[in-house]
Amino acid sequence: MSTNIADYVSATLTRRGRWGVGEILFWLIAAATLYFLPERHLILNEIAIIGLFAISLDLILGYAGIVSLGHAAFFGLGAYTAGILARNGIADPLLGLGAAAITAAILGFVTSFLVLRGSDLTKLMVTLGVALVLGEIANQASWLTGGADGLQGVTMGPILGLFEFDIFGTTAYAYSLTVTFLLFIVARRIVVSPYGLSLRSIRDNPLKARAVGIPVNRRLIAIYTLAAAYAGVAGALLAQTTQFVSLDVLAFHRSADVMLVLVIGGVGYLYGGLIGAIVFKVLQDVISAWTPQYWQFWIGLILVIIVLAGRERLTERVRTLWKGVAGRTAKSPDTLPKTSAREV
Amino acid sequence: QEAVKIGLILPMTGPFASTGRQIEAAAKLYMQQQGDTVAGRKIQLILKDDTGVADVTKRLAQELIVNDKIAVMAGFGLTPLALAPAPLATQAKVPQVVMAAATATITEASPFIVRTSFTLPQATVPMAEWAAENGIKKVVTLVSDYGPGIDAEKAFTGAFTAKGGQVENLRVPLANPDFSPFLQKVADAKPDALFVFVPSGIGAQFMKQFVERGLDKSGIKLIGPGDVTDDDILNGMGDVALGAITTQHYSAAHDSPENKAFVEAFKKANPNMRPNFMAVGGYDGMHLIYEGLKKTGGQGGQALIDAMKGMSWTSPRGPVSIDPQTRDIIQNIYVRKVERRDGELYNVEFATIPNVKDPVKAAKFN
Amino acid sequence: MTIALETKGLVKRFGGLQATDNVSFQLQQGARHALIGPNGAGKTTFINLLTGVIKPTAGQIFLEGQDITGLRPELRVQRGLARTFQINQLFPAMTPLETIGLAVSERTGGGRDWWRVTGSRREIIDEIVEIAQRFRLTDVLDEKTSNLAYGKQRLLEIAVAFACRPRVLLLDEPAAGVPEAERHELLATVAALPRDVSVLLIEHDMDLVFSFADRITVMVNGALFTEGTVEEVSTDPRVRAVYLGESVDE
Amino acid sequence: MSDLLTLQKVSAGYGEAIVIANIDLHLKPGEALAVLGRNGTGKTTLLNTIIGVTRHRGGSIVLDGRDLTTARSDRRAHAGIGWVPQERNIFKSLTVEENLTAVSRPGPWNVNRVYDMFPRLKERRTNMGNQLSGGEQQMLAVARALVLNPKLLLLDEPTEGLAPIIIEELLAALTRIIRGEGMSAIVVEQHAQKILGVTDNALILDRGTIVHASSSRALIEDPAALEQHLGVTAKKKPMRAASH
Amino acid sequence: MLTILFDGIAYGMLLFVLACGLAVTLGLMNFVNLAHGAFAMAGGYITAVLMNRMGVPFLATLPLAFIGPAILGLVLERTLYKRLYTRSHLDQVLFSIGLVFMAVAAIDYSFGSQQQLIQLPTWLQGRIDILGVQVGLYRSFIIVICGALVVALQLILTKTRFGSRLRAAVDDPRVARGLGINVSLIFATTFAFGSGLAGLGGALGAEILGLDPTFPLKFMIYFLIVVTVGGTTSITGPFLASLLLGIADVAGKYYVPSVGAFVIYTLMIVVLVLRPQGLFERAR
Ligand SMILES: Nc1ncnc2c1ncn2[C@@H]1O[C@H](COP(=O)(O)OP(=O)(O)OP(=O)(O)O)[C@@H](O)[C@H]1O
Ligand SMILES: Nc1ncnc2c1ncn2[C@@H]1O[C@H](COP(=O)(O)OP(=O)(O)OP(=O)(O)O)[C@@H](O)[C@H]1O
Ligand SMILES: [Mg+2]
Ligand SMILES: [Mg+2]
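Chains as they are written, first to last, in my numbering: chain A, 8 to 351; chain B, 76 to 441; chain C, 3 to 252; chain D, -4 to 239; chain E, 148 to 431.
Treat the hints with caution; some may be incorrect.
[Unchecked claim] Straight-line C-alpha distance at most 20 Å; calculated SDA-like pairs for lysine to any residue:
no.: 1; chain 1: B; residue 1: K229; chain 2: A; residue 2: Q147
no.: 2; chain 1: B; residue 1: K229; chain 2: E; residue 2: S405
no.: 3; chain 1: B; residue 1: K260; chain 2: E; residue 2: G399
no.: 4; chain 1: B; residue 1: K296; chain 2: B; residue 2: F425
no.: 5; chain 1: D; residue 1: K146; chain 2: D; residue 2: V106
no.: 6; chain 1: C; residue 1: K146; chain 2: A; residue 2: N212
no.: 7; chain 1: D; residue 1: K87; chain 2: E; residue 2: T307
no.: 8; chain 1: B; residue 1: K260; chain 2: E; residue 2: Y402
no.: 9; chain 1: D; residue 1: K87; chain 2: A; residue 2: N212
no.: 10; chain 1: B; residue 1: K342; chain 2: E; residue 2: R200
no.: 11; chain 1: B; residue 1: K103; chain 2: A; residue 2: W297
no.: 12; chain 1: D; residue 1: K87; chain 2: E; residue 2: Q424
no.: 13; chain 1: B; residue 1: K265; chain 2: B; residue 2: T236
no.: 14; chain 1: E; residue 1: K365; chain 2: A; residue 2: Q300
no.: 15; chain 1: D; residue 1: K23; chain 2: D; residue 2: G177
no.: 16; chain 1: C; residue 1: K146; chain 2: A; residue 2: P213
no.: 17; chain 1: C; residue 1: K146; chain 2: D; residue 2: R50
no.: 18; chain 1: E; residue 1: K365; chain 2: B; residue 2: L249
no.: 19; chain 1: B; residue 1: K144; chain 2: A; residue 2: N146
no.: 20; chain 1: B; residue 1: K103; chain 2: A; residue 2: Q300
no.: 21; chain 1: B; residue 1: K292; chain 2: E; residue 2: V280
no.: 22; chain 1: C; residue 1: K57; chain 2: A; residue 2: P213
no.: 23; chain 1: B; residue 1: K144; chain 2: A; residue 2: W297
no.: 24; chain 1: B; residue 1: K229; chain 2: A; residue 2: S149
no.: 25; chain 1: E; residue 1: K306; chain 2: D; residue 2: K23
no.: 26; chain 1: B; residue 1: K229; chain 2: A; residue 2: N146
no.: 27; chain 1: D; residue 1: K189; chain 2: C; residue 2: S213
no.: 28; chain 1: C; residue 1: K146; chain 2: E; residue 2: R234
no.: 29; chain 1: D; residue 1: K87; chain 2: E; residue 2: T233
no.: 30; chain 1: C; residue 1: K146; chain 2: A; residue 2: A18
no.: 31; chain 1: B; residue 1: K168; chain 2: A; residue 2: N212
no.: 32; chain 1: A; residue 1: K288; chain 2: B; residue 2: K296
Source of the hints: derived by calculation from the structure; they are not laboratory data.
Everything numeric in this text was worked out from a predicted model, so none of it was measured.
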């Protein structure tokens, strides 16, 4: 008896770790677009970047339950770091990424102490405040950032000294997609690890989490710092692939958009960010091409419909679909209680 | 042969939407008046909304270049939005016609940039000179704390102090609901005049609060480049705007047959809108492109940009020409005063400074 | 014999109310100790102070001789001080399996492990199974905790505390919501813990208390009222007056 | 004399899950009914279904001649049901007093009267709902149901977490209310003995269906039934470890 | 000096007028209604249109600026919002942002993207001299209205059963229903009332803040700041918070203009870090 239970237990526990069919498909298709959609690489690049940005947000929101309306702070810092490096002659993209990740991580670590306490609303506003202040600083420090005119003269060297950025954005897209994929793998490992589990427990009930011996604050600081680094990389990618940085990398709408993107795609399973990015960007692109003045209306309408149609249920579907056969998500009992306590 | 495509990239949504609307309307109007074929080739206008975000502008420009193979890109509502795609213009040899953004340096970002709007120093320096000549000794400048604002502040301060005037600078955050603290500072400083530059939308609030504080009665003149008394909303401001003195290149009240026709047609095509300096920038931008294409018959960006250099014509705003050296526009700057004309408020021109070049670059070139 | 847990002059004030009034208390190692008292006497508050959920207004707490008064809750747990909550504190969105797994892997230091997949370590699996079976949770292992019947949630609450392998276990009305028939078995599992594990039990069910405890402390209005063996306390007329009432028999 | 409450073939559950099936139940005015059963057998769901916070899947519910099968739960409360949920669900951002006044309805049971019944609450009247001890919350939950001045009380494990002496008083009070004021009550309890003394009839649930229904006295006299359905045997021997 | 204080208070009051609607929907109902600004905008446009196109006097438009959005709110609540009370805050954010986008575009479509300006009646223009302090008439007007609002709201929430019933319904709608509280009715009225207040705020604020289609987005941050700093369980909290923020902002910009822009945000961060539940949250 107990052995087959043991198997069942380890199976169910490791379930989340397994790669579902849908997942593999997803990435194959993503790679395929490199060849099949040459004239869309520019927007695909942007999608990959926002996707990564959203993954970063998902790490703290979906897994640690830290809501943030100021995630652009890290995105922007990353962008400026990479941009400023490039303008001052350090044109190697990967170096830029690394530097961006580090600076963003540092800021993340420092500000993480601000978001440990308080209600969701409080966290929203504190993060928002941080981003706004940072934006203001960037505006004032025009000698460094180019202020409101934006940072010009950003010219990137070839990646690994081999691949030049081209005007069709193919290199750019390949570059962003690769980075996003690699970072995704890491994130995926993390969220299915015991550490990831502890994060979910903290999100669910911090009081109890402490009561089972979890150092709640340390865990939160760690993930917040990591997420910041991710966001920083995303920002750096944007700066490097567009070779221009302006104040709106720090603007409120960045934080808001990424939040939208993530929520559309669904929180707490990493793919939400990517899917959301695709849906949102494609919709925006298509609709705004059709009615540049009033596309917002239709986007808004779609958002409303998504919610009313029961976003959570929708994403739940997608989730299961992802995991393919392997993925059986926690379901509510659809039968009478299987056994009453006695019969075990 | 297939059509000549013009990519028009503007902020059609977000805080700077009204800029986009004015330019779009004017551009459409021009095409409707001049027909959509030039030198035997069809003209196709592709409108894109960059929501006022620079990296989007750049992406859109890039897509238009590589996918739609546009011959010219135009629009660009704000300085960063104009600067972001500049490298593309150079790289792809696609002329970039700036119809709004007004920071002086823009045209230096690429040899393919040409501008049909104006530069802030161009509109501001005359203001300084006029002020100095009209017995104004002490001025407080109050500008929105972003690129153009700082440009205006620099230009005015430089020119005015050169004429022996005395200046104190104030900067207001761009997103700023309430001017009272700054106006209070002005009141305390008791200058002869207050020089203002704020993005056109905010201008109205500013005017109202200026009057509400009774600064007008305490004898402080309100001067500045034309943005505060933007024709588009001037009429709605009401009497508070009366008497404001501004210098700019265009007023809907400019007295010329071309302008009368333009304003009329514009209003007809867009009820409850009045053309402002943005609109005329778009209108002339289209004219420049059309004429350029006529000359070159659409062979290559280099040819087109060369053709545009030195071109001159009579715009609704008056005589204008493109400086072959800087690819910036040379035009008259008018000193205007807000007055009521048959029931509506207008910037009525009462003095003209002919053929003003952008002073910043002019200074560089000699 | 040695003292597992001790407080000296512990005080907690809530505004005007003295919820814990200068309590100096000792829990012997390996004791099966019960803490009883009227509703609102301050028992749960006392536990919350011991576990660091709330900070004392004054006084000190010692765990196996060391002063832990200022220690963060999670560190106290890591030192072997576990508790159950009177009002269930669970992870609604997680399954009992994940919940127990979490507790076990945290105790065995897995929580800092961010690379291996959860449940890939065999040794913790066996322990999870063992606990799940002991608390009759095997049939709901993969249900959403929020969908469990109250009684099951109760069991899970206690199972988690067990999974922490405490040296000192504080149980705040563990049997609440558990049917009469199963209460005694539940307490039997607790009683069956190794002898060196000390247990402090808060309970209003006197059958349980009397059959479980070897020592009883009575708390009234935040202060220690009396302490003694089952016989002493259950026959004490003052205790009857303030707490037991008449129906309870020894 | 006619029923106060009638359930016919009632099935209900949560979401897709059907938890109780084909429940028939008749309750006379002034009658008290005990509902017993192991964990997870549907006791709470039964009460929740009567007050109307579960998903109705069939059957009819009639209170005092009014068909409440499809009525919103606040209507049911107005129709005369006072509910003590199992997890107490005190309103945390209201004070003790507000918890009572917010729901109270005119009738013999007013705030002062429940204060007399639970003096402890009176002392804590200004505490916020989440600043109460477990037992105090339990008292408040009962008091809150009483100030509704219902015809029918639904008590889900009301004695849980109360001190013995309070339980005595509570049960005594219940008896008074039922016998004296003709209020009816359905009581879910874990302690068969304790409650069967108070109630007239009893039923036992297992896996969402009624497996035993009789008068309370009959059930007490029938240890076999208790043993079979509840596993209640005669008193447990002390388990205190013999050592030391 | 005193003038600065006065301006600060007036500005604070303005913030409050705009935010108190949100203090009701977000604060008391715990519904993250980012579309608050849209209702405010509705109020503003009602006033602007009535005045400019139909020549209705300013004062007369105010009640309509309240009623219009209130009805709008009621309708939306009954049809859409009510489905979302049980949903996660994220859903609520997504939904209400969606509404904002729609509102922005719709207004833009029907009234154009330029500023809508209104002409105050002369008796509200200019300023008078009260014991040496120059006092703007319109600002004083706003202060008076605010005072009235605060008192009224506070009375409703504390002196009537409505307040406690509302909080009960928010704490635990399921049980509240089970205890005879008509949750849907309470939510509907509250929401309508909140929307109405938003509309009134928009109407009063338009004069000073300006009014264009981007209004809801432009000022969303300010609303949120006020409510968060003030704490979400009372009306007095946001009220005091707006005063504090208003004065701090004005004074900051007056005395240290160079960092003026930082003041309000920094203040918010500091407050929230020290008092995560908000400055005037009642102790829990
Ligand atoms: N946060 C708080 N603020 C104010 N008073 C509180 C707070 N928490 C608890 N109290 C009060 O402190 C007293 C002790 O509460 P506690 O929960 O310790 O009682 P208890 O002994 O556990 O009672 P029970 O047996 O009913 O659980 C109670 O009267 C309660 O009202
Ligand atoms: N919210 C819910 N969603 C889905 N299933 C539920 C929900 N609540 C309870 N159940 C299921 O319904 C069944 C009966 O639950 P219920 O709470 O009625 O049992 P109970 O007899 O009250 O148990 P206890 O004595 O522990 O309170 C249980 O198997 C439980 O899993
Ligand atoms: Mg307790
Ligand atoms: Mg139950």
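Hint check:
1. B:K229 / A:Q147: OK: K229 of chain B and Q147 of chain A at ~16 Å, within 20 Å.
2. B:K229 / E:S405: holds, 16 Å
3. B:K260 / E:G399: With a Cα-Cα distance of about 12 Å, the restraint between K260 of chain B and G399 of chain E holds, given a limit of 20 Å.
4. B:K296 / B:F425: At roughly 16 Å apart (the allowed maximum being 20 Å), F425 of chain B and K296 of chain B satisfy the hint.
5. D:K146 / D:V106: holds, 18 Å
6. C:K146 / A:N212: Cα-Cα ~15 Å, so holds.
7. D:K87 / E:T307: holds, 19 Å
8. B:K260 / E:Y402: holds, 9 Å
9. D:K87 / A:N212: Roughly 17 Å separates the two Cα atoms, so the pair holds.
10. B:K342 / E:R200: holds, 18 Å
11. B:K103 / A:W297: The hint holds at about 17 Å.
12. D:K87 / E:Q424: Status holds; Cα separation ~16 Å.
13. B:K265 / B:T236: holds, 18 Å
14. E:K365 / A:Q300: holds, 18 Å
15. D:K23 / D:G177: Given pair K23 of chain D, G177 of chain D holds - Cα atoms ~10 Å apart, limit 20 Å.
16. C:K146 / A:P213: holds, 18 Å
17. C:K146 / D:R50: holds, 18 Å
18. E:K365 / B:L249: Status holds; Cα separation ~11 Å.
19. B:K144 / A:N146: The given pair, whose Cα atoms are some 35 Å apart, is violated under the 20 Å limit.
20. B:K103 / A:Q300: Status holds; Cα separation ~14 Å.
21. B:K292 / E:V280: holds, 17 Å
22. C:K57 / A:P213: The given pair, whose Cα atoms are some 17 Å apart, holds under the 20 Å limit.
23. B:K144 / A:W297: OK: K144 of chain B and W297 of chain A at ~19 Å, within 20 Å.
24. B:K229 / A:S149: holds, 15 Å
25. E:K306 / D:K23: Cα-Cα ~40 Å, so violated.
26. B:K229 / A:N146: Holds - the C-alpha atoms of N146 of chain A and K229 of chain B are around 17 Å apart, at most 20 Å.
27. D:K189 / C:S213: Within the cut-off at roughly 18 Å; holds.
28. C:K146 / E:R234: holds, 18 Å
29. D:K87 / E:T233: Holds - the C-alpha atoms of T233 of chain E and K87 of chain D are around 18 Å apart, at most 20 Å.
30. C:K146 / A:A18: The hint holds at about 17 Å.
31. B:K168 / A:N212: Given that 20 Å is the threshold and the Cα spacing comes to 60 Å, the pair is violated.
32. A:K288 / B:K296: violated, 49 Å
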